[in-house]
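Line by line, the protein sequences are chains A and C.
Numbered according to the numbering used here, the first sequence spans residues 1 to 301.
Numbered according to the numbering used here, the second sequence spans residues 1 to 251.
Hints are computed from structural coordinates only; laboratory data are not their basis.
There could be a bad hint or two in this list.
Using 25 Å as the maximum straight-line C-alpha spacing, the simulated PhoX-like pairs for lysine-lysine come out as follows [as the list claims (entries may be wrong)]: (1) K207(A) <-> K244(A); (2) K126(A) <-> K161(C); (3) K82(C) <-> K248(C); (4) K60(A) <-> K244(A); (5) K161(C) <-> K43(C); (6) K244(C) <-> K139(A); (7) K244(C) <-> K17(C); (8) K139(A) <-> K126(A); (9) K248(C) <-> K161(C); (10) K82(C) <-> K17(C); (11) K60(A) <-> K244(C); (12) K43(C) <-> K139(A); (13) K161(C) <-> K60(A); (14) K82(C) <-> K244(C); (15) K161(C) <-> K244(C).
Restraint-style ranges between C-beta atoms, simulated for each label pair [as the list claims (entries may be wrong)]: (16) A25(C) <-> E85(A): 28 to 34 Å; (17) S19(C) <-> A218(A): 56 to 62 Å; (18) Y247(C) <-> E85(A): 39 to 45 Å; (19) V166(A) <-> L142(C): 43 to 49 Å; (20) F162(C) <-> N298(A): 28 to 34 Å; (21) W158(C) <-> Y72(A): 37 to 43 Å.
No experiment lies behind these values; they were computed from the predicted model shown.
Here a beta-carbon is modelled for each residue, glycine too, at the ideal position from N, C-alpha and C.
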Amino acid sequence: MNPAIRIEQVTKRFGSVQALAGVDLEIAQGEFFGLLGPNGAGKTTLISALAGLVRADSGKLAVMGHDVVADYRAARRLLGVVPQELVFDPFFTVRESLEIQSGYFGVRGNRAWIDEILENLDLTAKADTNMRQLSGGMKRRVLVAQALVHRPPVIVLDEPTAGVDVELRQGLWQFVRRLNRAGHTIVLTTHYLEEAESLCGRIAMLKQGRVVALDTTANLLRRFSGHTLRLRLAPGLSLPEALKPHVAGEAEGELAFALESCDEVEGILHSLRGAGCRIDDIEIGKPDLEEVFVRVMNSRT
Amino acid sequence: MDGFLTLLYKEVLRFWKVSFQTVAAPVLTALLYLLIFSHVLEKHVKVYDTISYTAFLIPGLVMMSVLQNAFANSSSSLIQSKVTGNIIFMLLPPISYRQFFAAYVLAAVARGVVVGLGVLLVTLWFVDLPWRAPLWIVAFALLGSAILGALGMIAGIWAEKFDQLAVFQNFIIVPLTFLSGVFYSIHSLPIFWQQVSHFNPIFYMIDGFRYGFFGVSDVPPLLSLGIVGACFIVLTLFTLRLLKSGYKLRA
Ligand SMILES: Nc1ncnc2c1ncn2[C@@H]1O[C@H](COP(=O)(O)OP(=O)(O)OP(=O)(O)O)[C@@H](O)[C@H]1O
Ligand SMILES: [Mg+2]
């Protein structure tokens with residue numbers, strides 16, 4: 001089976017900016033994949049190269065085995081892209097925009113599917129409204145809808161939830177999850193890391209046009225982030241010498257211990273009790289992607 | 001094929017939805033030219049022996065409207081899509097660059113022809129035109145609007161801002177159309193300017209178009225058709241090259 005997306009040694013330079021510096025990535029069919037990275041890391045450029053909006057300087061990209069240059073028509077038919085920029089055509093209503101987009105892909109008689117998309121994105125009431133009259137979040141939803149009109153097996157969403165309210169964000173993710181369960185491959189970029197953590201099975205982190213981390217979400221969390229024990233001692237008490245090497249950080253009197261596993265809590269508490277330390281406040285932090293992200297971004301240049 | 005038809009439909013719908021600006025306004029402009037120029041010049045200018053100035057002027061105005069509107073259609077559509085960013089809706093689907101070209105040019109032809117028919121309709125009221133060779137009329141209207149549609153594409157692809165497009169329009173298209181014999185026969189010009197006019201492709205479009213109405217022209221219509229046809233082929237090839245390379249559309 002062809003991978004949904006195959007990216008080999010892709011480079012792209014804009015003037016003096018090396019936007020992509022040799023990216024290799026393979027995403028299997030059916031994955032829910034996260035593409036993360038700080039502003040300017042090259043996420044949008046990579047997606048644009050995949051969609052044929054940008055021409056890579058070197059390297060190869062393919063969608064479901066179809067090269068995006070040599071076999072662009074097949075590749076584009078299989079790909080749905082939600083662009084990062086909030087763009088729309090002010091001449092048309094929501095439904096007209098979707099029908100026209102459908103036609104561009106050569107899909108006819110698409111009314112039932114368009115209705116279903118509208119329903120799922122909570123746009124039914126706005127179907128005959130002109131694009132100009134929609135709020136920003138609604139325009140964003142129409143962009144999502146436009147990317148889906150031709151039922152692409154591979155769907156790439158470039159920050160689809162920027163500017164979308166909480167309720168809709170949840171609705172959108174439910175819909176996207178359902179598409180994923182139905183077999184669609186999903187690639188997502190977002191700056192909301194908790195979203196990526198809960199949705200994506202695998203994650204690539206991009207920095208200055210390079211992939212600096214690539215693993216399953218679970219592995220990344222395990223590798224770069226663990227449980228943390230934070231506690232505050234009663235005033236006037238100091239930490240026993242034996243525990244000092246284990247302290248990972250201290251801020252405003254709050255001590256943080258990085259834990260390999262939750263079992264270690266027992267030992268630390270035991271030592272404290274033995275030294276007669278009273279604890280004012282205690283908290284156990286779970287591993288989170290934000291911490292992973294920060295560590296990965298700071299660990300290499 | 002469906003992608004092409006949809007793009008053509010969208011481009012036609014785009015100007016049709018605002019036909020007050022895109023059709024009615026240029027018809028009114030042409031009508032004003034006719035009223036003013038024929039009022040001022042009817043008694044003073046005789047072009048060919050048997051043709052009144054007003055009759056002579058009408059085909060020129062019709063063709064000028066056809067050409068300017070064909071150019072305006074493709075150029076303004078492209079620059080708007082580029083500036084607003086919605087051009088990506090057309091770049092993401094599997095539409096080939098040839099289909100892309102054909103859809104924009106045909107929509108430009110449609111706008112040119114609709115405006116031309118409008119001008120013809122409102123001006124028919126003033127004089128009876130002889131309609132000597134209708135096929136020539138159709139041929140020059142279609143070829144001329146296709147050429148200006150292609151030029152509009154080139155301008156729309158090249159320009160990054162609306163004012164760059166305005167430069168293209170005001171310094172190239174408008175002078176070429178005004179100096180092409182819309183308002184006069186070039187035989188009334190000094191020799192030097194007659195010769196200069198022969199380098200203006202729009203001159204041949206107007207002259208050939210007018211031949212279709214009166215059966216007389218400044219140069220033989222077949223020669224005009226050859227020159228206009230050659231222009232069309234050259235511009236088509238050039239535009240297709242631009243599109244294929246992705247110039248300014250695919251970074
Ligand atoms: N068309 C362009 N012309 C010039 N430079 C560009 C162009 N597109 C992107 N760049 C540059 O390439 C680099 C990568 O940009 P890109 O948009 O891919 O980043 P990103 O990871 O999507 O960032 P963000 O999270 O802000 O969306 C940036 O330095 C950007 O300035
Ligand atoms: Mg981006």
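Each hint, compared with the structure:
1. K207(A) <-> K244(A): Not OK: K207(A) and K244(A) at ~35 Å, beyond 25 Å, violated.
2. K126(A) <-> K161(C): Given pair K126(A), K161(C) is violated - Cα atoms ~32 Å apart, limit 25 Å.
3. K82(C) <-> K248(C): Distance ~9 Å between K82(C) and K248(C) Cα, so the pair holds.
4. K60(A) <-> K244(A): 52 Å, violated
5. K161(C) <-> K43(C): 45 Å, violated
6. K244(C) <-> K139(A): 31 Å, violated
7. K244(C) <-> K17(C): At roughly 30 Å apart (the allowed maximum being 25 Å), K17(C) and K244(C) break the hint.
8. K139(A) <-> K126(A): Status holds; Cα separation ~11 Å.
9. K248(C) <-> K161(C): 12 Å, holds
10. K82(C) <-> K17(C): 20 Å, holds
11. K60(A) <-> K244(C): 19 Å, holds
12. K43(C) <-> K139(A): 60 Å, violated
13. K161(C) <-> K60(A): Violated, at about 33 Å.
14. K82(C) <-> K244(C): The given pair, whose Cα atoms are some 17 Å apart, holds under the 25 Å limit.
15. K161(C) <-> K244(C): At roughly 22 Å apart (the allowed maximum being 25 Å), K244(C) and K161(C) satisfy the hint.
16. A25(C) <-> E85(A): 28 to 34 Å: Cβ of A25(C) to Cβ of E85(A): about 32 Å, so the range 28 to 34 Å holds.
17. S19(C) <-> A218(A): 56 to 62 Å: The hint (56 to 62 Å, Cβ to Cβ) holds, given that S19(C) and A218(A) are roughly 59 Å apart.
18. Y247(C) <-> E85(A): 39 to 45 Å: Once the Cβ atoms are compared, 21 Å apart, the range 39 to 45 Å for E85(A) and Y247(C) is violated.
19. V166(A) <-> L142(C): 43 to 49 Å: Between V166(A) and L142(C), where Cβ atoms are some 56 Å apart, the hint is violated.
20. F162(C) <-> N298(A): 28 to 34 Å: 45 Å, violated
21. W158(C) <-> Y72(A): 37 to 43 Å: 23 Å, violated
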